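Asks: The chain contents come next:
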Amino acid sequence: GQSLEQPSEVTAVEGAIVQINCTYQTSGFYGLSWYQQHDGGAPTFLSYNALDGLEETGRFSSFLSRSDSYGYLLLQELQMKDSASYFCAVRARGGLTGGGNKLTFGTGTQLKVEL
Amino acid sequence: KAGVTQTPRYLIKTRGQQVTLSCSPISGHRSVSWYQQTPGQGLQFLFEYFSETQRNKGNFPGRFSGRQFSNSRSEMNVSTLELGDSALYLCASSFRGNLGEKLFFGSGTQLSVL
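In order, the protein sequences belong to chains A and B.
Quick note: the first sequence uses the working numbering, first residue 16, plus one each step.
Quick note: the second sequence uses the working numbering, first residue 7, plus one each step.
No lab work stands behind these hints, which were simulated from the structure alone.
Hints may contain errors.
To spell it out: a stretch of chain B is covered by chain A in this simulated footprint if at least three of its residues, at any positions, have a beta carbon under 8 Å from a beta carbon of chain A; those stretches are [unchecked claim]:
id, segment
1, 42-54
2, 73-84
A short list of chain A residues far from chain B (calculated; beta carbon distances all over 10 Å) [what the hints assert, rightly or not]:
id, residue
3, G46
4, A57
5, F78
6, Q94
7, D97
8, T119
9, E129
Model, not experiment: these values are computed from the prediction.
All residues carry an ideal CB built from backbone N, CA and C; glycine is no exception.
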């Protein structure tokens, strides 16, 4: 099966940089995704890493190391609106027919941004 | 372009009853997946449908079932409800469910089992 670990809660101040780590155990790994979910809202896609390295999208960056089964989400210039839950998710091989793939989510990291 | 629509938004049932939840994906999206979200448990994968076929299935009992129609709309059914089934049920769609494709989530159906 698949398992993911990420911290349950992180607190940071506005304007700071925060890193949310994610380690995973899986077979047939394809890639690592990150999703953001505000309280009462739907999860929204942030990034997807299939290859080692850093992907940057505005204030958010995501990193993957396949050899270490590890990734992180980096949020810069934190704003109050960034207070939300952040989920890493592993895309891995798996399907009823032996093919296909499925997305397994971690339990989420609640980020609190303070003034 | 309309987003993913889930109905109903809230539902209250009693133990032993059954429930059907509906999901209309974004137009043109053929992959629909379902997740159960409970506090502290994250999003647990239920199943994924593509072109009316169940392509993937999570580790849930047989009381949880689903289907997809030719217009890609999907329903999930939970029979013989238990208290532990109380959760937010999220539906997500993507074009083909391929690697790297982002999922677009609906706002979910909040199910309370009394």
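Asks: State for each hint whether it applies.
Replies: Evaluation of the provided hints:
Judged by the Cβ-Cβ criterion of 8 Å, the segment 42-54 of chain B is covered by chain A as claimed, because 7 of its residues qualify and three suffice. Note: the segment 73-84 of chain B has 0 residues with beta-carbon separation from chain A under 8 Å; the three-residue rule is not met and the coverage is violated. The beta carbon of G46(A) sits about 6 Å from the closest Cβ of chain B, which is not more than 10 Å, so the claim that it is off the interface is violated. Here A57(A) does not stay apart from chain B, with its beta-carbon only about 4 Å from theirs, under the 10 Å limit.
No Cβ of chain B approaches the Cβ of F78(A) within 10 Å, the least distance being about 16 Å, so the stated non-interface status holds. Interface exclusion of Q94(A) from chain B stands, the closest Cβ pair being 22 Å apart, more than 10 Å. Every C-beta of chain B lies more than 10 Å from that of D97(A), the closest at about 19 Å, which supports listing it as non-interface. The non-interface label for T119(A) is inconsistent with chain B: the shortest C-beta to C-beta separation is roughly 6 Å, within 10 Å.
For E129(A), the condition that its CB be more than 10 Å from all CB atoms of chain B holds, with the nearest at approximately 22 Å.
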